Amino acid sequence: ETGVTQTPRHLVMGMTNKKSLKCEQHLGHNAMYWYKQSAKKPLELMFVYNFKEQTENNSVPSRFSPECPNSSHLFLHLHTLQPEDSALYLCASSQAGRTSGDNEQFFGPGTRLTVL
Amino acid sequence: AQKITQTQPGMFVQEKEAVTLDCTYDTSDPSYGLFWYKQPSSGEMIFLIYQGSYDQQNATEGRYSLNFQKARKSANLVISASQLGDSAMYFCAMREGSGSRLTFGEGTQLTVNP
Numbered sequence: 001e002t003g004v005t006q007t008p009r010h011l012v013m014g015m016t017n018k019k020s021l022k023c024e025q026h027l028g029h030n031a032m033y034w035y036k037q038s039a040k041k042p043l044e045l046m047f048v049y050n051f052k053e054q055t056e057n058n059s060v061p062s063r064f065s066p067e068c069p070n071s072s073h074l075f076l077h078l079h080t081l082q083p084e085d086s087a088l089y090l091c092a093s094s095q096a097g098r099t100s101g102d103n104e105q106f107f108g109p110g111t112r113l114t115v116l
Numbered sequence: 001a002q003k004i005t006q007t008q009p010g011m012f013v014q015e016k017e018a019v020t021l022d023c024t025y026d027t028s029d030p031s032y033g034l035f036w037y038k039q040p041s042s043g044e045m046i047f048l049i050y051q052g053s054y055d056q057q058n059a060t061e062g063r064y065s066l067n068f069q070k071a072r073k074s075a076n077l078v079i080s081a082s083q084l085g086d087s088a089m090y091f092c093a094m095r096e097g098s099g100s101r102l103t104f105g106e107g108t109q110l111t112v113n114p
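Chains as they are written, first to last, in the numbering used here: chain A, 1 to 116; chain B, 1 to 114.
Any given hint could turn out to be false.
[Claimed, not checked] With a Cα cut of at most 16 Å, we get these calculated EDC-like pairs of lysine to aspartate or glutamate: (1) B/K73 to B/E44; (2) B/K73 to B/D55; (3) A/K22 to A/E67; (4) A/K36 to B/D26; (5) A/K41 to A/E84; (6) B/K70 to B/E106; (7) B/K16 to B/D86; (8) A/K36 to B/D22; (9) A/K40 to B/E106; (10) B/K3 to B/D26; (11) B/K3 to A/E44; (12) A/K41 to B/E96; (13) A/K52 to A/D85; (14) B/K3 to B/D22; (15) A/K36 to A/E56.
What the hints contain is simulated information worked out from the structure, not anything from laboratory work. In this text, all values refer to a predicted model and were calculated from it rather than measured experimentally.
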C-alpha cells in the first residue's frame, strides 16, 4: 500500500452507535490531520498531530475522539453522533518541521459518514 | 474575514481550451504558502501545485500554472489544454508562517465539455 489509506470508505451509523475511522500513511511523515468536509462548505480542520502529540483541536465536540498511537496511524472514534455530523471525513499527512518548500499535505480517499 | 476566497462556484470550459480558476487570500504573515488541490467525485484530494510567498517565479507543473500576483493577493490556477478528466472540484488553500495548518477555500466545480 502506498500513500494515505482510510477505512472504511463508507459508514452508516445510528446516533447511539460507537464506531471508529482508521487512517494509515505509508509516506514516513510525522504529522497527521483529520478534516471534515460537509456539503457546500470548505474543509474544516478538526485535529492535528505532530510526532504523535495532538497540537491542535479546532473546537471539535467531544463526541469525536482522536487517537494517534504512532506516527503512521490515526483513528477517529465516534460516539453518540448527530445527523449533522454526516460528512466526508478526510485524513491527511505531511512532513512537519520543514521550514521551507511546499510541505504539501497528502490526503486519503476519505470516509463518507452518514448518521441516521 | 475569510482567509481564502474562491468566487466561482462553478466553471465550464471546452475540451482543449485553457481555464483560469480564481483565488484570493488574506494574511498579514509575510511568509506563507499557497496550494491548489483537485477533488474528483471519488473524494480524494490531489495536490496539484504550490507557490511560496517568496518565490520569484510563478509555479508550473505540467498543464498547471499558478498566476501569483502578490500585491493583489491572488493566486489563480491556470489549466491549459483542458481534458475531460479535469472535471472536478478545485480547492485553493493557504499555510501561514511555519505552521502546518491549511485553510481552504470553498472550492470551484470545474466541468470540461467535450
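>> Tell me the hint numbers this structure goes against, listed in increasing order.
In response: 1, 4, 6, 8, 12, 13
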